Each structure stands twice: as structure tokens, then as C-alpha cells.
Amino acid sequence: MDPGRKRTIRLVAALAAALLLASALAYTSFTAASKAVTPSQLLEGVTPGRWYQLTGKVLPGYRQAGDELVFWVADRAGGRSVSVRYAGEVPDPFAPGREVIVTVRRSGSGFIGQRDSLITKCPSKFKASGTG
Amino acid sequence: MAAFGRGCLYLALVLAIGGALASAYGGRTGGAQWVAVGRRAVYALAIVLTAAFAVLEAAFVRTDLSYKVVAGHSSATTPLFYRLAAPWSSQEGSLLLWVWLLSIWSSVALLATRRRLAAIAPYATAVLLGFAAFFAGLATFLANPFAVQAPAPAVGAGLEPLLRHPSMMIHPPMLYSGYTLFTIPFAFAIGALLTRRLDAEWIRSTRRFALLAWLCLGVGILLGARWSWTELGWGGYWAWDPVENAALMPWLTGTAFLHSAMIQEKRGMLRVWNVSLVLTTGILAILGTFLVRSGILQSIHAFGGSTLGVPFLAFIGALLTLSLGLVVTRLPDLRSRARLESLLSRESIFLLNNFALLAICFVIFWGTFFPLISEAASGEKASVGPPWFDRYTVPLAILLVLLSGLGPLMAWRRASLANACRNVLGPAIIAALCAAGLVSTSGQKPLALALFTVAIFVAAVVAQEFARGAAARRRAAAVSWPFAVGGLVRRNRRRYGGYLVHLGVAVMLTGVAASSSFQHVRDVRLTPGGTTRVDGYAIQYVRPTSLVQPEKVSLGAVLDVSKNGRHVVTLRPTRSYYPMVDPTLGPVGSYFNGNAETQVGLRAGLTRDIWAAINPDLSSFQPMITAADRRFIHPTPRLLGLLISAIAARYQLAPPPALFRMIVSPLVEWIWVGGLIGGIGAVIAIWPAGALALRRIRVPAALRPPRPVPES
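Residue numbers (the working numbering), protein chains in the order written: chain X, 1145 to 1276; chain F, 327 to 1038.
One chain only, chain X, in its complex shape (with noise of 0.2 Å):
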């Protein structure tokens, strides 16, 4: 076969290799994600057995029950709060008053959290002057 043709093959080739890569990386994120809410925005309506990405601030008086973590979320600017009731790893610094992500989903009055998905995030590490 012409070298030159050969060539075009191969790139024709590559390219649409990459482009089914891409077209399927498209796909499967926009499928598989889960969205970012706030606690309000849970409390306007969800979807049933859906997965959200929900981020707020730990109330005080959350509490274990038996391997379950019973705690409130609520906005960052204050407000509305949702319960979430979570087995697995809790994170070091999840304390009240620290803001979270927990990936949830509706289950009764409440949510349920997905196993070892809460992720504490700490104002006080890495912290840049005069914000606080």
C-alpha cells in the first residue's frame, strides 16, 4: 500500500479511537455523577433513588446509633437543615460547625448516607491570612 495512504489510515484510525474515548468519558460522567446540592435545595425536591452530593454544615448534637452516625446538615449561610444517617469511616475532623460533603439519598424523612463517602473539610488547616 502507498505510505501516504497507510499514514492517513493510522491517523484516521487514532483519531477516531480518541473520539470514541472522549465520546464515552462524556457519556459515563454525565451519567455516572452525582449532583451538588445544598441542604435547601435537597428539601425543594429530589428524585427518588437518586444520588446527590450533598454539602453543608455539621450541626451540633449529632449522635452514634449503634453503627450509624445521626447528624444535620445545614446550609453554609445557616438556615435549612436535612438529617442523614451514615455508616463508615467517619474523617478526623468532622466535629459541629465543619463543613462536609456526603453523598446522600432520600430514604423516609430523611437521607441515607452512601458508605464511606463523607468527606470532612477543615477551615482551620491551610488556613490563609485574614480570612479568620
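Just so you know, the hints here were simulated from the structure itself, not pulled from any lab data. All of these numbers come straight from a predicted model, not from anything done at the bench. The beta carbon of each residue, even a glycine, is placed where N, CA and C say it ideally should be. Incorrect hints may have been included.
Below, a list of computed lysine-lysine pairs in the DSSO-like style, where the Cα atoms sit at most 27 Å apart [stated by the list, open to error]:
{"id": "1", "chain 1": "X", "residue 1": "K1179", "chain 2": "F", "residue 2": "K707"}
{"id": "2", "chain 1": "F", "residue 1": "K592", "chain 2": "X", "residue 2": "K1150"}
{"id": "3", "chain 1": "X", "residue 1": "K1201", "chain 2": "F", "residue 2": "K707"}
Ranges of calculated distance between the beta carbons of each label pair, as one might list FRET restraints [unchecked claim]:
{"id": "4", "chain 1": "X", "residue 1": "L1163", "chain 2": "F", "residue 2": "D659", "range": "27 to 33 Å"}
{"id": "5", "chain 1": "F", "residue 1": "R441", "chain 2": "X", "residue 2": "K1150", "range": "14 to 20 Å"}
{"id": "6", "chain 1": "F", "residue 1": "A702", "chain 2": "X", "residue 2": "A1168", "range": "16 to 22 Å"}
{"id": "7", "chain 1": "X", "residue 1": "A1168", "chain 2": "F", "residue 2": "Q948", "range": "48 to 54 Å"}
Some but not every residue of chain F turned toward chain X, in silico, with C-beta under 10 Å [stated by the list, open to error]:
{"id": "8", "residue": "L558"}
{"id": "9", "residue": "W692"}
{"id": "10", "residue": "E706"}
{"id": "11", "residue": "E923"}
{"id": "12", "residue": "D943"}
Starting from the known structure of chain X, fit chain F onto it as the hints suggest.
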């Protein structure tokens, strides 16, 4: 001293800007004296920034709380070791560390290339000083580590407990060394593009720095993983967190470059590709630094409340524009006449490896920035989790390991099919036999089995190549096997160092595959005397432990691990509680509801790790803590110590239930053993072949050929 530090920063800024302008001017006009000014500015910058960094370290060592950054990140009770490491726990100190390391590595690079690349070096110097000016500018005007406050607070906040791990001393400086070292090939690539000197000379001269950058970044990443596994209580070593990803991306493109650069050196091909890879790697390194400071993505590693996002974004935008503009305008100069001759050649394997590496990098980039992408596309901020990353990166990693085994077996230009088959056959048979043996244990996890198979293939290839080379040397020089292997490596450090790196990566990914596919995790609530079983091990909570120290109180457990009735190991996981400066918490509550830190109980082994973390359920203690806080609003330190000790004593006498996470993880230590093998390989590849060169010089005079008589 703070004023001196600030003065150093201003001087550094002036040196960087002045030196960059002088270098660029010297490069353009050919003025050697201007070029020399630029070069000396880099050396002076290194000296000035070393002084500035020493001032900051001294402030931390003596806990000078008039420095805002010291008061916010250290305290008199913080141990000296952590006071020394505390500067880079702050935004301000870490910027200073960045620019200081940049100045040191730039000086080393310019010293190493001072007799080469005369046309390119001035522009490279200007680019490096441009980087320095940007970071020195940030540290001077936006995040000054020498900002002071009066009056100084009585006590400092202390170093964040999570950062108290020996790795704190080495993990961040290693990452920053990797990032800053990657700016060196970046700068020389820009110089080569500007001067249109696009042969392989700039690659040859900066290869060691690219390799060193790759090594430092790799060591930094692996140390971070080790830190996570042994210290953080979640029981993993990699979480696809944006900041972890940010370090991995330039490492991947750097790996791609180290391979494709060889093709340019050998065949003069892939010039556009190489220069683009180097520029991408440099920009990704800056992006990694930016991600930690911008607040645009949610990450547990991020610096809180940072204001540096906009300048960083502008800087990255400028770098991208410059890089793209230069590559596009130099495209005619970058064309190469040589072509890929056969798909069965080392070049094509290297190229496939590059595609695989870039595909992994792209997957990680997409996943990391997905919250921004999805917000732009659909208005909803959403993110993808580890399973999404694994879906793509795992098959690509298997392909990559396979290619790292095939590459060394293929000849350059065009390998004959018969020859290629002969080379591949032995390792392939070994891998196939081992895979057949592994089916019974790993058959239910096909991806893990595939990775084990290709890793064995790589190990067999490396062994075969070493054996063949050593056998040839033995035939030629009649030396023993160890001498033959030693001589082989000495004579071709790059090649055999590279093989060791391949072996290291295969071992490391075997550890990743085994530990992620076959580990057993159990979360269980136990009281003393209680027992649970994990992967055939019986783990018993024997008794609680407590320890009160000036800056923390630690509550823990003694765990007895046994198998088939025989004692295996005793583990002592603890959870330490540090006081938190928070007015809503009382003095006692500031400990138990403040900052907590897990110390993992770990029995590390080559076959498996046994890992345990504890989280005591202190809810039954809350009434007691609240009562103590109500009764003693401002206790003396002695009284507070007594109250804390009383609660710790109660914990031992009437222990509440505790939540334990217990993990039995097979081969997890192979990750770091593989890292060590790869690291040794990289050092061998970087090591200059000085001994050999020296031997050539010391030929006795009598044996030297007579010098030709100069013609008059």
C-alpha cells in the same frame, strides 16, 4: 528579622524581573554581558531566597508569634520537628518554598548547561526568572509570610493535627521539587522554540532534570499515599481527590515525554509531539500548584479561603497562549523527515505508550474538572467518584504495563516478526503459566488477574534482558555473574535503570490491584472482650488505653490479632484529641469535640497488612463534658489537666463501645516496594556516567597516540 525577610522578598522580585529582562535582551542581541547578568541573577536569587527561607524557619523554630503565619500554624507546644515542617502548611510559607526550590533547581540547571545551549539558555533563564517573578510577586503582595501582628497572641494555633506525620517533612518539598524541576525542560523548550533550534540538543541537556522531576514527583505522590495509609483513619492510599490528581497528571505526561524524547534523540522524529508534551507537563505542574490554592474544586487538601485563584488563572492563561502560539508558528521548523517505518518497532510501542499515558491523563483531567464542565454544560455542579475513574484508568494501566514489557523487546526502526516472537516467547510462556496458576485464586477478578499476568510478563522481560546482557559480558570478559551485571548497568545506566523502573511500576501496580481487589474491610462496634473476624483473623478488643499529654489526650485500644488460635500481633490504634480554638466550645469540650487525629495500628508485611483504626463513642461522656464546662468556665491549666485526666481515667475504668475499622489488605506494601525499585532505577538512569569518562582521560601518556603536529 521580619523586615529583613520582607526585604529579601522585594530584592528577589527585583532580581527576577531585572534578570529576566537582561536575559531576554542578551539572547536577542547576542550581548554576552547581558546573558551573564541574567545567569548571575538566578544565582543571586537562590542566595536571597535561601536567606528569606532561613528567616522564616528561624521564626518557626523559636515560635515567634508576632509573625501571623507562625501564630496561625505553630505553637510553643508543637514539637520542634513539626515546627520545622510547619512553614509549608501555610499558603504563604508554601509559596516561599516553591519559589525557593525553583531558584535552587534553576541555578543547578544553568550551572549544568553553562557550556551548552548558548543560544537557548538566555531565553530559558528568562522564562525561569519569569516563573520566579510570578511566585515572588504572590509572596510579596498577596500572601506575605513575613506579615507581623502587634500585639502578638499569647498562644499559637499549633500545627493541624492531621499534618503531624514524618512525611510532612519530606512529602510537600518532594512534590514542589517535582513541580519546579518540570519548569526547567519547559523553559528550555520555550527557548528552543524561540530560537528555532529544535534538534534534540535541548532534550539531551535537560533530560536529567526531566527525569529528576519525574522521580521527585513520583516519590512525593508515593509518600502521600503512604501517609494516607498509615495515618489517616479511612484505610486507603488513593482517593482520586483533585489535589492528588493534580500531582499525577504532570507525572503521567512527564513519563510520556521521557519515552518519546528517546525517539527524537534516536530518530529525530516527534518534535511537535515532544515539545507539546513538555509544555503540557510544565503547565500541568503550575495547574497542580493552582488547584490547591484556588478554591474552585472541593478537596480535602485545599488551602481554605484562598484569594490566589485569579492571578494563577491569568498566569496559566498566559503560559498556554505563549506555548500554543510558539508551537503553531514554529510548525514548519518542527517537521521531521523521518517516518515511522513499521508498527513492529520500538518507536511504535513508545508511541502507543504515549497514547495510553495521555489517555489516562485526559480521563483524570476530565474527572477532576468535571464539576466545572458539568456546571458549564448543564448548570448543575456535579462530580464523579472513584468507580468512574477506575473504569477507565484500570484497563489503560494494564495496557501500559503490557507495553512497558514489549518496548524493550522490539528493535528500533523495524523489528522482524521472527525476532520479535523469539524475544517475547519466553516471558509470555512464564506469564501464561503463572496466570493459569493464579486463576483459582484471582479468577473472579478478571482485571486484577490481567494485571498480575502482564506484571509477571514485565518481570520476566526484565530478567531476560539482564540475563542476556550479563551472559554476553561474561562471554566477552570472563567475569562472574555479579560483576557482569554490575558492568552491564554501569555501561548503559539509562537502559538498565529504565528496566528497573519498569519492574518497579509492575510491582507497584500489582500491589494496587491486589490490595484494591482482595482486601477485607470490617467496620464493627466493640466493647472490651468483644471479638470480630476479618479474613480468617480473629481480632479481640482486649482493653482500653488512655494517655494525657500537654497538647493532647489519646484514647485507644489494645487489640489482639490471632489466626487459628495462634497469636499473630498486638495492635494499638488510638485517637488523639487536640484542643481547638473555638469560643462556642468549653475548655474540656474544646478537646473532645475539637481536632481529632487517628493513629492507625498497623502490622505491615510483604504478604499482607493488618490495619486497625478506632473511634471511641464518646456520646455517653457528653453530659460529663458539658457539666465540667459549665462548672469551670475558666479553669487554670492545672485544673484543666485534672479534668481531662479524670475523663481519660473514666474511659479506662468504664470504657464506652468503640467503632473500629479493620482491614486485611494483601500485597499493599508492594506499592512502596515497587516505588523503591523504580526509584533506584531512576537514580541509576540519572547518575552521570562520570566514572567511565574519567577512566578515558586517565590513559597513561605512553599509550596515547602522538598529537598531530599543527600546521603552521
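To see whether the hints hold, each was checked on the structure:
no.: 1; hint: X:K1179 with F:K707; verdict: holds, 6 Å
no.: 2; hint: F:K592 with X:K1150; verdict: holds, 23 Å
no.: 3; hint: X:K1201 with F:K707; verdict: holds, 18 Å
no.: 4; hint: X:L1163 with F:D659: 27 to 33 Å; verdict: holds, 29 Å
no.: 5; hint: F:R441 with X:K1150: 14 to 20 Å; verdict: violated, 44 Å
no.: 6; hint: F:A702 with X:A1168: 16 to 22 Å; verdict: holds, 20 Å
no.: 7; hint: X:A1168 with F:Q948: 48 to 54 Å; verdict: holds, 50 Å
no.: 8; hint: L558; verdict: holds, 7 Å
no.: 9; hint: W692; verdict: holds, 5 Å
no.: 10; hint: E706; verdict: holds, 5 Å
no.: 11; hint: E923; verdict: holds, 5 Å
no.: 12; hint: D943; verdict: holds, 5 Å
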